[in-house]
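Enquirer: This is what each chain is made of:
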Amino acid sequence: MLKQTRRKTAKRIGVEKVEKIYGFIFALPAIVFFAVFYFLPIIKTLQISFYRWDFLSPPAFEGLRNYVVLLKSSEFHNSLWKSFYYAFGTTIPIWFIALGLAVLFNRITSTSWLYLVVYYIPVVIPLIVACIVWQIMYHPSYGMLTLITRPLGFVDIPWLTSSRLAMPSIILLSIWKGTPFYMVIYLAGLVSIPKEYTEAAQIDGANKYQVFWHITVPLLKPVILYVIVISIIAALQVFDPFYVMTKGGPGSATRVVTLFVNETAFQYLKVGTAAAASLVFFGLVLCLSLVILKFFRSSWE
Amino acid sequence: MRRLWVLGLFVLALLGVAGLAGAKTEIVYWSHTYDPAVSLTKEMIAEFEKQNPDIQITYDHVPHASFEPKLLTAFAGGTGPDVYWMGDWVMPKWMPSLTAPVDYTIWGVNSYEEFAQLYEPGALDAFTQDGIIYTGGISEYNTFSLYYNPQHFREAGIPLPSATTPLTWEEMAEIAAKLTKFDEKGGRVRSGFETVYGVPIWTVLLLEPQVRQLGGEFIDETGKPQLNHEKVVEAMKWWHKMRVEYKATDPGFQSPDLWADFAQGRVSMTIAGPWAISIIRSYNPEMEIGVTPLPHFQGSERVTTLYAWAWFVNPASQNKKEAWKFVHYLTSDPLRWWERVRYIQPKKGILQKLLEGEPLLATFLEDFKYARYEFRSPNYYEISSILTRAFQQVVMEGIEPQEVLNKAQEEAEKL
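Chains as they are written, first to last, in this note's numbering: chain A, 1 to 301; chain B, 1 to 415.
Looking at chain B on its own, in the form it has when it is part of the complex (with noise of 0.2 Å):
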């Protein structure tokens, strides 16, 4: 009998220790929803996998308008994902409490600075604090440039733009009422250029470098919204004029798809990152496709816009070093993210070599030269949403920019 408990006893260790032996870890990785990136990471995740045996990933994505509620209400229920990405923009309130400090020794670099160094010069600004950095690398860089619709163009007699020195607004607005289309009974067929008018991160995308052209900012130096400011209220007389005097833009004529507008010749001009290549393109493969770089005002400054989007580990995973393992393997291919995705990682050195597949980039590493980070404020969303409101107020009902922005600016010194 004591043998056979003996016996039992025996069977019983071993299968634990086999147990113990093939236990994997887990890592839970969550994404917002593009088809290229998620085809692309589901291939990574196979691939990290076998390489790494004892780690076990599991990939989850949403659609990005779900995203964030998702993660946060994850997060504040002590659920959240070992591995996500996130917009740049979040950062003065997320980090450091739900973004860990990167273990750069996975990198094989010795300190912050070294690991600084494998990007391009400032791309990691948005992520650090108090010199510590807080990702794992960029996924996602971009800068906005001017699209345009070369058929278009050369229909009106109008000469293309150049794909490195950048048109001024006055130019660029006369161009869009040029090319802008009535039919018989005054309805608008064809907008001369259309953008997206009704989500508050595009509204300081689209704003922000033309107050700074013009020497202004949204917030000042003690970070107080200043959003009436004369140079605020300058770059929105621009849009006004867009729409009331040149009648060039008209946000009711987008369809729910402003890419596909822009793809069907229904839109000459629009901004946006060099991600919007593939997805014009998979809506129109033979589409001739222009890019210019960003605007700015005659005699002003050159500034151009710049978010980012980045992996961080959650500082509460119980399996950090396998995380970082992860976002190390995700970083390792910049050029594969770029021919898959169109998808920028500013690994130092890399921006010139994806310039070789695709000639349109050469306009979007000009603008780089000139970008600039969003404003940095812990109530950037309240800001954004009130400085939205007042956009389209102008843009959608052609009201005065100074009348709007004083009512944004009663609002935001509430927060």
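Chain A extracted, bound-state conformation (with noise of 0.2 Å):
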């Protein structure tokens, strides 16, 4: 019996070695493919943040003045904040919004289905294409925002030249852009959602307010998690609006981190100037999702 059950055991210890043998030779390609794209860059980019380099003449060790140069450059300042401002600018009314369509769309009706895919198709229209549709909406004398602006008295509108509309209004298409994507998120989490819950709180007597703030809510959490996170990286990471609709401008209202790298690299030939920016960002943003993390999980538990 005893030979029995030790023969059992080394085999169940066999099958778990050659599963976990199984495991890692599939996880390999996904380990190598982070290990090349993802971990290297950031070695190297952490190398090269402790040199002078221009591209044209071998990099020069200077310790950690490029760290230096940006802790005094306010224009990098500048454009911490402006990322900052665009992040929680764009974030912040994309969670609600999109978790507000997410309810109205999972009241699932023949027609609605319908609306989600025609709500859904600014995710799939290419950011360059709708950064230049909205530039010409955003004109003043004829953009189709005109249609709604003129009527009540305002004319020539300037959208993306003045500092205070110019972020404004590249948040705006972001919003429109991005809350499609986060509401089908939500949505899963809200299909996710086993109806008995929500029916027996209604036999109970809640309404529906209440069963949304005490049944849908508290079950959505991770999901809640998960889009507030996601979504803050992804908007501090933006690049292309910036680009080709104010170039970062006026002055540097709308001059975000990414631009202020893309420059610092490839049009003053900074090189290590740009990878120690860079290396500041990620330190923030990684510093901004653990508070994050922390603060809902202790939070909520």
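If you're looking for bench data, these hints aren't it; they were derived computationally from the structure. As the structure is a prediction and not an experimental result, all values here were calculated from the model. Cβ atoms here follow ideal geometry from the backbone N, Cα and C, with glycine treated the same way. There's no promise every hint is true.
[Said to hold, decoys possible] Computed list of chain B residues with no C-beta within reach of chain A, every gap over 12 Å:
{"#": "1", "residue": "Glu68"}
{"#": "2", "residue": "Ile132"}
{"#": "3", "residue": "Asp183"}
{"#": "4", "residue": "Asn228"}
[Claimed, not checked] Short, incomplete list of chain A residues facing chain B, as computed with Cβ under 7 Å:
{"#": "5", "residue": "Phe55"}
{"#": "6", "residue": "Ala60"}
{"#": "7", "residue": "Gln135"}
{"#": "8", "residue": "Met137"}
{"#": "9", "residue": "Pro140"}
{"#": "10", "residue": "Thr149"}
{"#": "11", "residue": "Pro158"}
{"#": "12", "residue": "Thr161"}
{"#": "13", "residue": "Glu196"}
{"#": "14", "residue": "Lys247"}
{"#": "15", "residue": "Gly249"}
{"#": "16", "residue": "Gly251"}
{"#": "17", "residue": "Ser252"}
{"#": "18", "residue": "Gln267"}
{"#": "19", "residue": "Tyr268"}
The task is to assemble the complex, starting from two chains supplied on their own in separate frames and drawing on the hints.
Expert: Structural data, given as structure tokens:
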């Protein structure tokens, strides 16, 4: 009996080992991919950030100089502020609008799927195309928005050429473009909530709002957390609308970190400074993500 | 058996010789995408390869905005092209590490001085360092003049400006104000003048001649930026006046394509090089185009802008001789480049010939006489970017020039 048990245990351990090896083999392509295309570039960027390098001559070690330069650079500070302004200006409305729309679409009828498909179109449109279309829509004299603004008495609104309006204008485009994507994620979360919970609450006398706040939202917390973290990270990485629509202007009104890094590396040929800026930004985004995760987890637990 | 071995070796040797005989020298050539230029380049490559069966040209072109980063990253990775073209403003940084001295013997001359003689006086200055010339020839030689829509002038009862005598900036501003139109609600329907307001190189090309006309410079003799110099402020005040007082320009009014705005009558005047003629005509073949020299300030010296693109050979190329041979072919027919692409190659004696097919060119030739290359600085891009941010605040938001230029100078001093 004992022998049989030992044999079974040994067999189980052997199977587990084989499974682990298979698991590793299956994961290997992904591990190699991440190592080569994510991890190694980060290490290389870290290395470059300690050098003065202009692409044209061999890199020269200069310690922390690039970081000191950034510390003193008002343009870098400004770009950090613009990036976070854009990220929160875009994502906070998206969290609420996307959730609201997902709740609406969750009441599935035969036609709401059609609306869903139509509403999802902005996600499918390439960002560059969307930027050009919105740039034309924002034209102060013959843009589509003048159909709304002119009857209200507003003429020649400088959507993209005023420091005060340029960033909100790009934020508006980003909300339009990003909301449907996060709506679908919310919708997937909503669909997975068992109907029995909401039905039980309704039988106990809970109204629609009570069901939403006390049943739906708590069960949707992991999805909400995912949307918050992912949307902020994605918004902080945005480059195209700023490059296409304003080139960072007017002045530095829309000069986000991604533009700053691009210009510093490929126009000013200060690759080390650009690498240091990328890493500082990476560190800030990482810290922010951890703080958000910690905050939401502790408050929800 | 031994015989078989010998036979085998003989066959292999024969194959090797045949392979060597058929091997071609590959020359990689990169440019940015400009459809008329790309099409002519492809034609010329086919002709060159026919004449030189031992050379094969591999041509690649990328959009203008990504051309420079592509070149730089390729050079950094040791995979730069053998031949490429580039603008003169990068020369202080790129010369000589990314540009090989020209092999003038291919052009049949015996010295750099003789090579320079092939071009208009001073044309190769931007590509010369310590007497050595680092280009095989200029692909595009440009100055800026003032384009106008004669129909708008006639409608407003304004006499057409001269093709050879410039307006003053003050006169031009007044005309621009008269040509600007607003609708009954005060919305702009036509701008008297628009130009490119957000591109650093353009900012220099627009502002620098004005500053020089007034006797100033963006950088002093030691290379230090002086962006809040009184002459820079004075020049910038003209743009401020155009925007705030005359309301003759509004960067927000432009569509993403300024040349289409001009060709379709939404803009009455603009500033550009001779290359713009073909672009404007492509939008509106029937349009009557007027060109007058770049304006100057009342009583000031006449100074216009000058910039050029040129062909270079990578100093790391293993086949420089063949590369220069190819550049020689590209520079061998300036008239064809003008007819097909509207690019001027300033070979000596060629400019007058170009005039025959394009009367509008007379004005540009006049402006070439007063043209000076942009300032030389290894920090060209940073200075021009700082200047552009200041320029945008003046023309887009009407902020006082002195205020923004003081901030710009503060920033430039940190370089």
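Enquirer: Hint compliance check: list the failing hint numbers for this structure, sorted ascending.
Expert: 1, 3, 6, 8, 10 and 13
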